[in-house]
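There are 6 protein chains.
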Amino acid sequence: MQSIHDVKIDSRNADILISINGTLYPRNQAVVSVFDSGFILGDGIWECLRLVNSGIPFLREHIERLYEGAKAVFMEVGITPQELVKRLFDCVDANKMRDGVHIRLMVTRGVKATPYQDPRVTISPATIVIIPEYKEPNAQKFQQGLKLFTVNVRRGAPDVQDPKLNSHSKLNCITACIQAANAGADEALMLDPLGFVATCNSTHFFIVRRGEVWTSTGQYCVLGITRVNMIRLCHDNGIPALEKQFSLYDVYGADEAFVTGTFAGLVPVYEIDGRPVRHPLCADAWSGAGPISLRLSKLYKELCTSEATRTLA
Amino acid sequence: MQSIHDVKIDSRNADILISINGTLYPRNQAVVSVFDSGFILGDGIWECLRLVNSGIPFLREHIERLYEGAKAVFMEVGITPQELVKRLFDCVDANKMRDGVHIRLMVTRGVKATPYQDPRVTISPATIVIIPEYKEPNAQKFQQGLKLFTVNVRRGAPDVQDPKLNSHSKLNCITACIQAANAGADEALMLDPLGFVATCNSTHFFIVRRGEVWTSTGQYCVLGITRVNMIRLCHDNGIPALEKQFSLYDVYGADEAFVTGTFAGLVPVYEIDGRPVRHPLCADAWSGAGPISLRLSKLYKELCTSEATRTLA
Amino acid sequence: MQSIHDVKIDSRNADILISINGTLYPRNQAVVSVFDSGFILGDGIWECLRLVNSGIPFLREHIERLYEGAKAVFMEVGITPQELVKRLFDCVDANKMRDGVHIRLMVTRGVKATPYQDPRVTISPATIVIIPEYKEPNAQKFQQGLKLFTVNVRRGAPDVQDPKLNSHSKLNCITACIQAANAGADEALMLDPLGFVATCNSTHFFIVRRGEVWTSTGQYCVLGITRVNMIRLCHDNGIPALEKQFSLYDVYGADEAFVTGTFAGLVPVYEIDGRPVRHPLCADAWSGAGPISLRLSKLYKELCTSEATRTLA
Amino acid sequence: MQSIHDVKIDSRNADILISINGTLYPRNQAVVSVFDSGFILGDGIWECLRLVNSGIPFLREHIERLYEGAKAVFMEVGITPQELVKRLFDCVDANKMRDGVHIRLMVTRGVKATPYQDPRVTISPATIVIIPEYKEPNAQKFQQGLKLFTVNVRRGAPDVQDPKLNSHSKLNCITACIQAANAGADEALMLDPLGFVATCNSTHFFIVRRGEVWTSTGQYCVLGITRVNMIRLCHDNGIPALEKQFSLYDVYGADEAFVTGTFAGLVPVYEIDGRPVRHPLCADAWSGAGPISLRLSKLYKELCTSEATRTLA
Amino acid sequence: MQSIHDVKIDSRNADILISINGTLYPRNQAVVSVFDSGFILGDGIWECLRLVNSGIPFLREHIERLYEGAKAVFMEVGITPQELVKRLFDCVDANKMRDGVHIRLMVTRGVKATPYQDPRVTISPATIVIIPEYKEPNAQKFQQGLKLFTVNVRRGAPDVQDPKLNSHSKLNCITACIQAANAGADEALMLDPLGFVATCNSTHFFIVRRGEVWTSTGQYCVLGITRVNMIRLCHDNGIPALEKQFSLYDVYGADEAFVTGTFAGLVPVYEIDGRPVRHPLCADAWSGAGPISLRLSKLYKELCTSEATRTLA
Amino acid sequence: MQSIHDVKIDSRNADILISINGTLYPRNQAVVSVFDSGFILGDGIWECLRLVNSGIPFLREHIERLYEGAKAVFMEVGITPQELVKRLFDCVDANKMRDGVHIRLMVTRGVKATPYQDPRVTISPATIVIIPEYKEPNAQKFQQGLKLFTVNVRRGAPDVQDPKLNSHSKLNCITACIQAANAGADEALMLDPLGFVATCNSTHFFIVRRGEVWTSTGQYCVLGITRVNMIRLCHDNGIPALEKQFSLYDVYGADEAFVTGTFAGLVPVYEIDGRPVRHPLCADAWSGAGPISLRLSKLYKELCTSEATRTLA
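Quick mapping for you: the protein sequence lines, in order, are chains A, B, C, D, E and F.
Counting along the first sequence from 1, when you hit position 99 you're at 107 in the numbering used here, and nothing is skipped either side.
Counting along the second sequence from 1, when you hit position 86 you're at 94 in the numbering used here, and nothing is skipped either side.
Counting along the third sequence from 1, when you hit position 80 you're at 88 in the numbering used here, and nothing is skipped either side.
Counting along the fourth sequence from 1, when you hit position 150 you're at 158 in the numbering used here, and nothing is skipped either side.
Counting along the fifth sequence from 1, when you hit position 218 you're at 226 in the numbering used here, and nothing is skipped either side.
Counting along the sixth sequence from 1, when you hit position 186 you're at 194 in the numbering used here, and nothing is skipped either side.
If we strip away everything but chain A, and leave its shape as in the complex, we get (with noise of 0.2 Å):
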């Protein structure tokens, strides 16, 4: 494994609890119908989340995205925020997981009648799962930082699947992978249909170039919240920041580049098409992360810890 998520498997994650529908179950007993909207369609919204100090950073921007997404797809949640936030909390307290956990949490369209696209053969209310695991960013990886490639397989028009959706229907993301590990690369980079810079295939990218931070529009991709925030912290701490249309050529002639994620927070791109990560006019080798990325990674971090909270607020 060579991705982002290239990462130890927690032995402890072998007995974990998983939450389906409000029930828990052992993880190998944790199962969907195979007539449930999310596997036989990937008509389904999740989020993932991080456990810090018991607590969820950014928690009701992750709960607000995943009603915002459930109501684009047309789709019922079928229960209150205030409920599903009990759920969430109920899982990782009865797991006895306090820090160091990545929640992946899933509500798909529910049980079909038959396997068929329609919404209106749907028979069942949503089905709702939490699976939270011990997972850990590798630190080799942020040392060493990513390499990325891009690749011909594009992020799509907000008419036909909006790249905004945090969706099960994940296939576009997929191949885009794909293609980057065929080349030998870590994560993809993807051009939006002008052809112009828009988002890796699990993370964001941004580019800093002569002391501003730049990202794409973020039309083209998922609605980040670590995204979000790293903007925010920027702006916080007068680092200038842009969203903007840029393209490769600014990407190649960039002092320093990374992504982001709720996974891994911040992680250091050194490679992109080849071309090391530094200023055109620099010759000496890039090595970690550049000044503008660890600072953002140290504020970051330390934004995680005083945002988680328990409740919607």
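One or more of the hints may lead you astray.
[Stated by the list, open to error] Straight-line distance between alpha carbons at most 30 Å, and here's what the computed DSSO-like set of lysine-lysine pairs gives:
1. F:K94 x D:K155
2. E:K252 x D:K252
3. C:K104 x C:K252
4. C:K155 x B:K155
Calculated from the structure, these hints are not laboratory results.
Place chains B, C, D, E and F on chain A using the hints.
Frame of chain A, contents of chains B, C, D, E and F only:
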């Protein structure tokens, strides 16, 4: 339910046996892990097939399409085509089914070590599920025809998620279906990225204009086996048939229109975007299927019978 | 009639005088040649204006937009802006109108020697028509709000027919309106060529998200004067307002939505594509205009009154 | 006047009778209300036809295209095709016309209650106007050929305003024509949204390459009846003819080029974007129409004569 | 070197004579001014040709393409086709070459008064350079086949720089080639603006599917003479051949694949994006060229020999 | 000559020394091999610079852009930025130049083993050419202004050949320039792929609207150093300046327009597509540069003087 699958659920389906990775389970015990690639990510390829006189029409085409789709997404089916066919018939035979049966055959990338999109974290062979159900098209829908509505949701570009793929990531079709339902229609008519007519959300779309049968180029739809057979039947029976680019202008001025699919064969359309389907100089109300639609429907049923088989050959 | 112009026709309008090339005619004698560029080709530019206390709000903006539009299509208005303003007031004064009046001001390329599109076969100066009518927005529509439906008909590219033009070639908007009516809605929501939200067919579209007012970039809509005034009012009253690219995902998750136009000012929206307009975490039914919509509506009415004028300044 | 309609105005046209909703009016009394959908909105569909020996060539094709266009924009013509044909001949017969006549037949959505785009505020049946004029193509233009210039104004997408429609919303063609005139040319050559060659602003465009006749796919032009007849003539006379995608590269390297239309039939082109129209290895100056252009022109004139008719049949 | 030109440099090439504007120079004295349009701007058109038995296969096609390209970019070659052919053979004859020779024929817009892009500052006739070299395709590459990788660099639109042009402005192909090399491949597979398969960076691309030979529509590649000859050979030998739109889905499921070019004729492909080139139901490893590739390769070699000529005719 | 470079050729330029790979040659001996990547393939990156009081304004920006461009196309410049600056001044000093000098600095990928596009067949370091010439903008052009014409040739997508690159592959700009010349204009105005205004063929384009300076987003033009300086001057001098998407509608209605470039600084525009450049309500003929154009021109000249330098720093 107003959709094309608006059928009475056959009570016999409560007792069917479903094949999962070669083992047969009663319907209510037919489950997959919540870590399955299909459930988490819509990462799978599927087929639907009909059972006619204990055989499956166009069996080789279906099996070939399944393996081609799997290769397109860089996924191993894991067993040979011959073994897969054997599993299909083992399942329907165990159910003592002979006719009037619809089969959903699904292959996903298998179980993940952790919920993450990268194929490199998959830890099992492909998951193979076979669901056979007693299911017949609604005869009344055939009499009355369908009402279509052209939706804002588009078919996508092949460099994002190839619309030729018959995958588990179906959100594009589902949101199109929802918008058509919101407009009071049975099925959505979908345009391609250039604004030309592509397909319906779960069926293929044909018009008849001045004695010619037209369907889209096929570049923006699932590689329909029924679609190909309709074109073949036209060629074999002296009906001019064209795969071509055309727009709603051509649709609104058509003499007849119909949709096709493995499940229901050919179903006529009586109204599109509020316009009755009939020649623009014709004032009489259309009723039932037009002459070419009727002829093709009959020819197609005969073809299904004659081509039903139990071997790949 | 379900549209935004669903108003009782004021009986006083039967007796209005209409200005054609500077001469006043009773309504039933207000005619143009069948050789007029407007009739044959939709080759003209128009404005709508309101009469408030005998003055016209934003008069200079309207006149400037008219001349700018004429220049864009290489057409001479033929009289000076000052002369045109005089004609406007000559017409409303002759009608003894003071308030509650909607004015349609139209300038076409004039009469052709023969029905042909080339401007070089025009044989008269521009045709200038002014129609003033008593017309007030329907108060009930404001209470209840509008129902929008996103249609398949798109706004076009600027290199085809610039959507900024307020021209007599309106077929794009009309077919969008028809499709929305077919879906049972009041007004069509239209996407731009990239699939982002552009505008409604006869009004401009705004959403309110988490305290911010968003409208499209304006590149794919008529250069709306009410639209610009709404943004100005936001800026002047401490309400964050953004002209930005956004998609239906953002619309479905909005807190409020409204449309604007010279005729009706601001009209709230209560439903879009079957989804109620309210925050995704909010379960209560929305009723009437939201707080920011209400505030802007009030501010706009005051602005109209304060900026009504009879001189170009 | 430099355009293709650069003809002497026939003095007999001063006294023609024009049919409006079935009543005949002298030219100077032929008027429509300023509330007409055609004048206000370009909301109408039209045909041009030729009178040859008291008959109209391709009459059925023209009438069918008119009703098809009306259906496409959801407009009722209001009278039967047979009644419409009768009106056509009533008008030309009342004018005692037999030959050398060009007829403009226009159908708009009718009179509005108030100037507003929504079809739901229309209060009359369709407005039907028939203008017959003595008008012959300029023979000198045929000798000399046309000068074309490829303009920046593009043909649009079918999901905006279908370019197949022959409507009253003609601003796209008009602005293209203006830009060509600004470059000193007779007629504009227009590209499609992908940058391929589509059509001219008021005529259809053909090239001859190495013995083959090429024209565009037809997806981005009015459904030309002369265009279809040229292709038919090619097929019937052993000249290979292709409707295909091609670019300016292919045009600049063509052997011959010509434009077609109902009014002028076939008119040769002698220069495109400053390049003489002739085989790239040929140094001799081209003069007059090339051999295939001449042959098709002659064949087309014969076809018009043989297919002129007074009945729909 | 891993590319298709991965050939041993023939030592005889050190002593070749190169023709510049009709004069022969030894290789190390073959130079052009730094003010040449080719050097400064990539402003030129070129051909490559083979010498077979002292003749050049498809000589007329190459010369015609050169003059067509020059006309497309509004450039005068300055000498007649016959004079150009004479120069070609003068050069190869002076080198006493008869066979196994690759010729690069280049025509640029000539010398500039100053380094500026406007053709109006050119002060000399076209620069004509002819480089003949001993160069044979690598037989081992033919045995083994090529490894292709689909890159993010696309073929462009015809309204930007027509991909049909064989020009000196080659940066698009070069950056595609670089990205493929970065992924460890021999040659880049490139998509068109809509995401369909267009061509390779320096060769044309074909697949064989179920007995049919497919290549792209040709709208996004250099007008390949070898490409046209392959299609001609298919037609003449009963092999169905289609120029059509297709996507990577179709490529990954192909039975065979190969590339073509004047230099190497036909070269098989054994792997594309990590997928072996063979039928999806076929588990056996592919080795060497497939049967249709082999047959076409043989037929093409025979054609080259039979069509080698020294006259334009 | 009508173009922006319509200058008298300074007779002193006949005797200049040109630097090639560090050696100085008289103009008529300044040559490169016909195997050079620049000549064969347009495979190089270049800069133009001005000499002002023996210094070069914005020297660091130019050098940085050169290295950034080289990195973007995966090319090694081969010497350090400091060495390159030394070569620049060695060359101008050897020519005893101090002022009124335009310098073309070109870096190509070097000499090829054989004429082929793959960078892997390059056998020398980069070719570095420096051409300094006495060259001053034409003062009369500044007085009179330029005439622009919007052409059909478009700027391209970044995924084809990034328009930000200042490369030797200039055919796109050249064909645009030719089409403008064919229309009788000085310079071409070019649109971007979406139909919005991008840039001129050899200069950057600005408009002044109601006191604001607008230029395109910069995504479809060379990363202009003069362009950035103009925006900087606006910001520093209280003139609102926006980089934004806009269309020809906005251009035709502008108050002023001008183009910029390293060579000529700011040059006003007096006519675009036949429309005079002035406010649409203004009837007076425009003459000379408008007030904001004049002010920026003066400010820019001062900036060039103050920022001319001989060191990178």
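Now for the hints, and whether the structure bears them out:
1. For the hint pairing F:K94 with D:K155, the CA-to-CA distance comes to about 54 Å; that exceeds 30 Å, so the pair is violated.
2. Only pairs whose Cα atoms come within 30 Å are accepted, and E:K252 paired with D:K252 is accepted, the gap being roughly 12 Å.
3. A C-alpha spacing of about 43 Å is found between C:K104 and C:K252, which places the hinted pair above 30 Å, so the restraint is violated.
4. This hinted pair checks out: C:K155 and B:K155 have alpha carbons roughly 22 Å apart, not beyond 30 Å.
Of the numbered hints given earlier, the model fails hints 1, 3; all others are met.
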